[in-house]
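Student: Now for the letters of each chain:
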Amino acid sequence: MLDILSKKHIIAKEGFNRWLIAPAALGIHLCIGSVYAWSLFNPALIKRLGVVTSAADDWTLKSVVWIFTVAIVFLGLSAAVGGKWLEKVGPRMVGTVSAICWGGGFIVGGIGILTGKLWLLYLGYGVIGGCGLGLGYVSPVGTLIRWFPDRRGMATGIAIMGFGGGAMIAKFMIEPFIKLYYKAPEYLGTVDAVELVTKGGRRLVEIAGEFQEVVVVGTKDLAGMYAPGPEGVYLVGTGTVGVAQAFFTLGIIYFVIMMCAAFGYRVPPEGWKPKGWEPPTEDKQKSMITRHHVHIDEALKTRQFYQLWVILCFNVTAGIGVLGVAKTMMSEIFGSTLPDIVDAAFASTYVLMISLFNMIGRIVWASSSDYLGRRNTYWIFFTLGIVLYCSIPYTAQQVSVNPSVVWLVYFYAATMLIFTMYGGGFATIPAYLADIFGTKYVGGIHGRLLTAWASAGVFGPLAITSLREISVNKAINDLVEKIDPAAFYEKFGASIDQLEQLISAKTVTINKLMEIAPMGTVDPTPGLYNTTMYLMAVVLFVALIMNATMRPVDSKHHMKE
Amino acid sequence: MSISFNNSTDVFIFIIFCSVYVCSILWIYGDAATRDMGIRGAILPLVFVIAAALALTKGLLMALIVWPIGYVAWFILRPKSSHVITE
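Sequence lines, in order, name chains A and B. Mapping to the numbering used here: the first sequence position 308 is 308, numbers consecutive. Mapping to the numbering used here: the second sequence position 18 is 18, numbers consecutive.
Hints were generated in silico from the structure; no laboratory data involved. Heads up, a few of these hints could be off.
[Said to hold, decoys possible] EDC-like mimics (lysine to aspartate or glutamate), calculated; alpha carbons at most 20 Å apart, straight line:
1) Lys474/A x Asp10/B
2) Lys560/A x Asp36/B
3) Lys88/A x Glu270/A
4) Lys88/A x Asp36/B
5) Lys183/A x Glu213/A
6) Lys84/A x Asp36/B
7) Lys556/A x Asp10/B
Using the sequences plus the hints, can you model the full thing?
Tutor: Written out as structure tokens, the structure reads:
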């Protein structure tokens with residue numbers, strides 16, 4: 001039965017329309033791309049028991065945010081391991097296993113949510129789902145490049161654009177499903193009308209002689225409720241937040257779509273090429289596009305593989321660097337200097353635009369690379385990127401001195417351009433690999449290269465968090481030096497000697513220090529992101545060197561005919 | 001995890017170190033494949049990954065020490081002959 005999934009059964013017949021592969025590839029990538037919408041589950045996951053607000057035994061945000069990172073790590077690992085398997089069994093088999101893992105991961109994760117077992121959620125969505133992500137991501141790449149040897153960039157750009165767009169579509173599915181299955185817990189009345197008891201930090205109410213846990217919803221909690229309800233006391237365990245059921249539904253939907261897409265895959269017959277197209281000659285003009293093939297294992301012994309690894313990894317790291325701070329910069333810096341323009345609605349549109357430009361960049365840059373050349377495309381990414389990254393701190397500084405809309409427009413345009421290049425970097429890399437290593441094992445080699453993404457996904461956020469902490473601590477220490485110790489003691493009830501403890505308890509913050517700082521002290525907030533931006537520019541410079549020194553693979557690595 | 005950064009240079013070194021480490025493991029993985037090491041070729045890089053993860057929990061310096069030891073160990077343990085895969 002498994003034979004229908006094998007490579008030999010999906011060889012296209014004469015006259016097959018190669019464009020039919022694109023929707024199949026797009027379908028899989030749109031489904032797995034929903035991983036970027038993981039944060040939409042977080043508010044519901046931390047209210048699994050309390051439903052309207054977090055109960056004592058509910059998971060914390062800190063315990064669930066790492067599920068996304070686990071999924072990305074397993075994406076890289078499974079792509080690296082599954083890449084070679086893909087070359088052996090073909091894209092339909094890999095696409096099918098991907099559908100089972102991704103859909104099944106949601107089901108296992110859903111069971112974890114229902115039973116309150118966090119490890120099961122990690123195993124389901126993070127590990128099993130992560131494997132589905134990796135296998136799904138690489139499944140169409142090699143096939144598309146073989147079908148479109150004349151437009152490699154555009155072909156892979158279409159599929160990988162789907163990964164960028166998956167989160168946007170998921171946004172319109174996740175919240176409605178959660179709301180659909182949401183059931184409000186039993187309302188006991190207002191705080192004044194109910195006799196509350198606190199034991200071991202829990203709020204309890206005596207009902208029929210038994211103490212039962214309750215949650216108290218205040219004014220600030222109302223905005224976070226999935227269905228409008230009154231302020232007051234709700235009985236824990238009597239409602240459902242709907243996230244487990246949403247997981248089950250999404251798992252089934254993704255499984256069905258991905259299976260249909262996997263069965264849409266066809267591979268071209270051996271030696272097939274588009275009508276009227278001839279492989280480029282290896283002259284000096286197009287010396288970066290090889291006619292030879294490098295074996296998947298042999299590729300790991302070439303310096304070009306590691307140059308491309310660094311190119312992808314550092315482009316993603318730099319992208320994560322801006323993704324991690326752009327939204328905060330917009331609200332913290334521009335929100336305070338241009339409050340009439342940058343309000344909550346503006347900030348949420350900005351976040352939507354980030355996804356949109358990330359997606360657009362994938363198809364536009366990848367398609368452009370067919371004409372510009374892959375090395376030139378990355379040359380643009382890195383040179384333009386360095387200029388833009390270095391200019392952002394200047395923009396932030398200028399807007400705090402002179403709150404002009406010009407700086408806002410510049411910041412908006414610069415970050416959007418950076419996001420197109422972030423997406424473009426992902427989408428253009430498979431075509432770059434095909435140019436350097438040939439098309440025979442490109443799917444598998446691409447899988448192994450995705451370890452770069454997994455690495456960037458781990459140390460990128462870690463680096464950004466650390467840089468921010470370093471900058472904040474430095475800014476606080478600088479401010480404290482300017483502040484009168486007596487004023488400090490009066491404000492915080494402790495002396496400057498205890499600054500470290502006061503910072504870790506969040507008692508001392510930049511905003512609070514600015515309240516007692518001498519007149520004329522410059523607010524250091526706009527400069528908090530400078531080191532992140534400059535470091536990302538340095539990281540891009542390393543990638544620039546790797547790209548600039550890219551040369552064709554030595555003939556000793558070529559497969560012998 | 002006891003990794004802490006004092007400045008952006010530390011962060012940069014960390015990024016470079018992680019990159020070099022992952023690339024080294026990939027290189028060993030490929031090298032093992034061209035030396036017909038079979039399952040041992042897949043397990044050894046995994047051992048290095050685990051060693052690195054454990055070393056990282058003890059701090060970046062420990063990881064910096066473990067990495068060259070593992071890398072040198074590979075050059076001692078690997079079979080001497082290799083070949084270009086022709087398939």
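Student: Regarding the pair Lys88/A and Asp36/B, is the alpha-carbon distance no greater than 20 Å?
Tutor: 18 Å, holds
Student: Verify the proposed pairing of Lys474/A with Asp10/B, using a straight-line Cα cut of 20 Å.
Tutor: 15 Å, holds
Student: Just to be careful, I want the Cα atoms of Lys183/A and Glu213/A compared with a cutoff of 20 Å; is the pair within it?
Tutor: 18 Å, holds
Student: Hinted pair, alpha-carbon criterion (20 Å max): Lys84/A, Asp36/B. Please report holds or violated.
Tutor: 15 Å, holds
Student: Holds or violated: are the alpha carbons of Lys88/A and Glu270/A at most 20 Å from each other?
Tutor: OK: Lys88/A and Glu270/A at ~14 Å, within 20 Å.
Student: Hint check: Lys560/A vs Asp36/B, CA-CA at most 20 Å. Holds or violated?
Tutor: Cα-Cα ~18 Å, so holds.
Student: Has the given pair, Lys556/A with Asp10/B, been kept, meaning a C-alpha gap of at most 20 Å?
Tutor: 39 Å, violated
Comparing the model with each earlier hint shows a violation of hint 7 alone; every other hint is respected.
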